[in-house]
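Let the hints inform the model, and build the full structure from the sequences given.
Here the protein sequences line up with chains A and B, keeping their order. So that you can map any letter, position 86 of the first sequence is 86 in this note's numbering, and since no number is skipped, the others follow by simple counting. So that you can map any letter, position 69 of the second sequence is 69 in this note's numbering, and since no number is skipped, the others follow by simple counting.
Hints in this document: simulated from the structure, not taken from any laboratory. You may find that some hints are simply not true.
Treat identical chains as interchangeable: a pair holds within one or across any two.
Derived lysine to aspartate or glutamate pairs resembling EDC-like cross-links, with alpha carbons at most 16 Å apart [as the list claims (entries may be wrong)]:
| # | residue 1 | residue 2 |
| --- | --- | --- |
| 1 | Lys147 | Glu256 |
| 2 | Lys127 | Asp145 |
| 3 | Lys200 | Asp49 |
| 4 | Lys99 | Asp49 |
| 5 | Lys236 | Glu267 |
| 6 | Lys290 | Glu77 |
| 7 | Lys236 | Glu166 |
| 8 | Lys236 | Asp222 |
| 9 | Lys290 | Asp90 |
Here the structure is a predicted model, which is why all the values come from computation and not from measurement.
There are 2 protein chains.
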Amino acid sequence: MNIGIDVGGMSIKAGIVDNSGKILYKETIPTGARRPMSEIVYDMGVLIDNVIKNSGISPAEISSVGIGIPGACNPNEGKVIRCSNINLADAPVVNEIQKHINVPVFLNNDANVAALAEYNHLGTNAKCLLAVTLGTGVGGGIILDGKIYSGFNGVAAELGHMVINEGGGKCGCGRNGCWEYYASVTGLIRQTKAAMENDKNSLMHLIVSGNIDQVNGKTAFDAAKQGDKTALDVVKTYINHVAVGITNLINIFQPEIIVIGGAICKEGDYLLNPIKEYCLAESYGASFTKTPEIKVASLGNDAGIIGASMLGKSNGVV
Amino acid sequence: MNIGIDVGGMSIKAGIVDNSGKILYKETIPTGARRPMSEIVYDMGVLIDNVIKNSGISPAEISSVGIGIPGACNPNEGKVIRCSNINLADAPVVNEIQKHINVPVFLNNDANVAALAEYNHLGTNAKCLLAVTLGTGVGGGIILDGKIYSGFNGVAAELGHMVINEGGGKCGCGRNGCWEYYASVTGLIRQTKAAMENDKNSLMHLIVSGNIDQVNGKTAFDAAKQGDKTALDVVKTYINHVAVGITNLINIFQPEIIVIGGAICKEGDYLLNPIKEYCLAESYGASFTKTPEIKVASLGNDAGIIGASMLGKSNGVV
Chain A
1 MNIGIDVGGM
11 SIKAGIVDNS
21 GKILYKETIP
31 TGARRPMSEI
41 VYDMGVLIDN
51 VIKNSGISPA
61 EISSVGIGIP
71 GACNPNEGKV
81 IRCSNINLAD
91 APVVNEIQKH
101 INVPVFLNND
111 ANVAALAEYN
121 HLGTNAKCLL
131 AVTLGTGVGG
141 GIILDGKIYS
151 GFNGVAAELG
161 HMVINEGGGK
171 CGCGRNGCWE
181 YYASVTGLIR
191 QTKAAMENDK
201 NSLMHLIVSG
211 NIDQVNGKTA
221 FDAAKQGDKT
231 ALDVVKTYIN
241 HVAVGITNLI
251 NIFQPEIIVI
261 GGAICKEGDY
271 LLNPIKEYCL
281 AESYGASFTK
291 TPEIKVASLG
301 NDAGIIGASM
311 LGKSNGVV
Chain B
1 MNIGIDVGGM
11 SIKAGIVDNS
21 GKILYKETIP
31 TGARRPMSEI
41 VYDMGVLIDN
51 VIKNSGISPA
61 EISSVGIGIP
71 GACNPNEGKV
81 IRCSNINLAD
91 APVVNEIQKH
101 INVPVFLNND
111 ANVAALAEYN
121 HLGTNAKCLL
131 AVTLGTGVGG
141 GIILDGKIYS
151 GFNGVAAELG
161 HMVINEGGGK
171 CGCGRNGCWE
181 YYASVTGLIR
191 QTKAAMENDK
201 NSLMHLIVSG
211 NIDQVNGKTA
221 FDAAKQGDKT
231 ALDVVKTYIN
241 HVAVGITNLI
251 NIFQPEIIVI
261 GGAICKEGDY
271 LLNPIKEYCL
281 AESYGASFTK
291 TPEIKVASLG
301 NDAGIIGASM
311 LGKSNGVV
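The following block contains the structure:
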């Protein structure tokens, strides 16, 4: 058994996870993201103590602790490098947690950790799996031979910060025209609002009861399914943006599997089928060799805890 | 010692290469690219016989043969999959060559093989090196842990076929707006000609003696160095196109080293310095962690033979 910790802007979740990836017990505490770093890290330690105590599981049964952080990490040094939403920059998390529990402790970026969870959940032997999360931003994780690939400095797999439109809209990272700018839910909402401004008769206005501030990632999809032309255009253009980036990644990696996550994946085949079609038409090799499998992520909110719990195993802890 | 074979559209080169990567002896024959496949492959075998015989090196000293192909390969099956310029589609090259010489034989794409040569030439232990060749197209090679990464189907690392401009110019691969369309020498020449059409007074017209068909990859660089404004714009825009793609690759891989090859690299720091500057300003992590080293390829035309000769070693042949 291993402990996985999923650090988020609002809450820190910790779970005891068995070797099959099943969460046996979990607890949550508020993050208090702006508190002093030492307090946040200290509370992670307390949370570990608590899940062990309250689950009734013997500490001797815990093989490792893994921690997923929503920011840039140096997994080799066990440190957070940068974390925009939580006061954890430069936090020596691994060292501090090891004071609480005498097992190997590992740290990695949360998108990487979620990718690891999906890889293990699929029970695959794929040499390469890519995970892409369409959310507020576009998160990415690269799994090679069952391990997280995070580059020589720990901050690789920023798949969302691949420019697909030179000189395009300004991304939060400072670049112009990033995939994230177009393929994130934030991007979809921006595109939906712009289309609504241009078509006052679109069904989308009705769906949000005339209040454009209520637009979310479902608005255009819901109206498109009812045949609204403007919404159909928004959805088509958005899906193309997503597929351009996916196809780029296929041409670079030719992974066995690409997993797409984020709430928007509830659209299921309505989202996935046109992406698959686009990739088959546009990706290198699709006309003459095997093509990657593209599927929807299946672990949802638990991916963070489960993936974090697997960091030890993927680093050789038995 | 190993034999490396570099198959090109015009000629097939074979060399005996020592373990340090030095070519001890080499020979060349014409490819006859449109002959029956069996003849081309047979001639590769004869070429191997000849380099051994004519070099005076004992066959017993040869540990492996490696072959670089300018097309899509399946390294696991030892077959060419597709090869636009040479009649080698579906050729079972490894099997056929093994009839000539009783050592392990390996096959891979030529851009991958060139990347392997640069990796070994640098004597690095980098976990990741990317090689990018700016030529007629934009070739790519990914070296991970000293081995070629070619994806589950053998055709990964098509770095040039990453779209950087959705809906942009039509690339030979069928996509619109590929990096190759903008960053290849072919792209540079197109951009140079377009700028010359718009500025009849540009020094570039003088450089090509008024004959726009004479424009090559040096034209804009030569005029820019003499202060021609239009040429300076062409060069600046071209270098930005190159740097957008390099930065994308940094954000995805965070490799220790990126090697840029192709004849245009003769421009040296005039090309390299603005690329480095751009990447430092734009790549993820550059403001808070280590950044990749970007350098010019050093092996030139011999990279094909040398890299091919190293396929055996990188696949575990001692």
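We went through each hint and held it up to the structure:
In this assembly of identical chains, Lys147 and Glu256 lie within 16 Å of each other by CA distance solely inside one copy; the values are 15 Å within and 19 Å between copies. Taking CA atoms no more than 16 Å apart as the test, Lys127 paired with Asp145 passes in both settings, with 5 Å inside one copy and 14 Å between copies. Taking the shortest alpha-carbon separations for Lys200 and Asp49, neither the intra-copy value of 56 Å nor the inter-copy value of 76 Å comes in at or below 16 Å. In the homo-oligomer, the alpha carbons of Lys99 and Asp49 lie at most 16 Å apart inside one protomer (11 Å), although the nearest pairing across protomers, at 65 Å, exceeds that limit.
Only within a single protomer do Lys236 and Glu267 lie at most 16 Å apart by alpha-carbon distance; the minimum there is 13 Å, versus 43 Å between protomers. Taking identical chains as interchangeable, the C-alpha atoms of Lys290 and Glu77 lie at most 16 Å apart only when they sit on different chains, with a minimum of 14 Å there against 39 Å within one chain. Taking the shortest alpha-carbon separations for Lys236 and Glu166, only the inter-copy value of 14 Å comes in at or below 16 Å, while the best intra-copy value is 21 Å. Proximity of Lys236 and Asp222 under a CA criterion of 16 Å is satisfied intra-copy only: 13 Å inside one chain copy versus 45 Å between copies.
For the homomeric pair Lys290 and Asp90, the shortest alpha-carbon distance between copies (15 Å) is at most 16 Å, but the shortest distance inside one copy (43 Å) is not.
Going down the numbered hints, you'll see the structure goes against just number 3.
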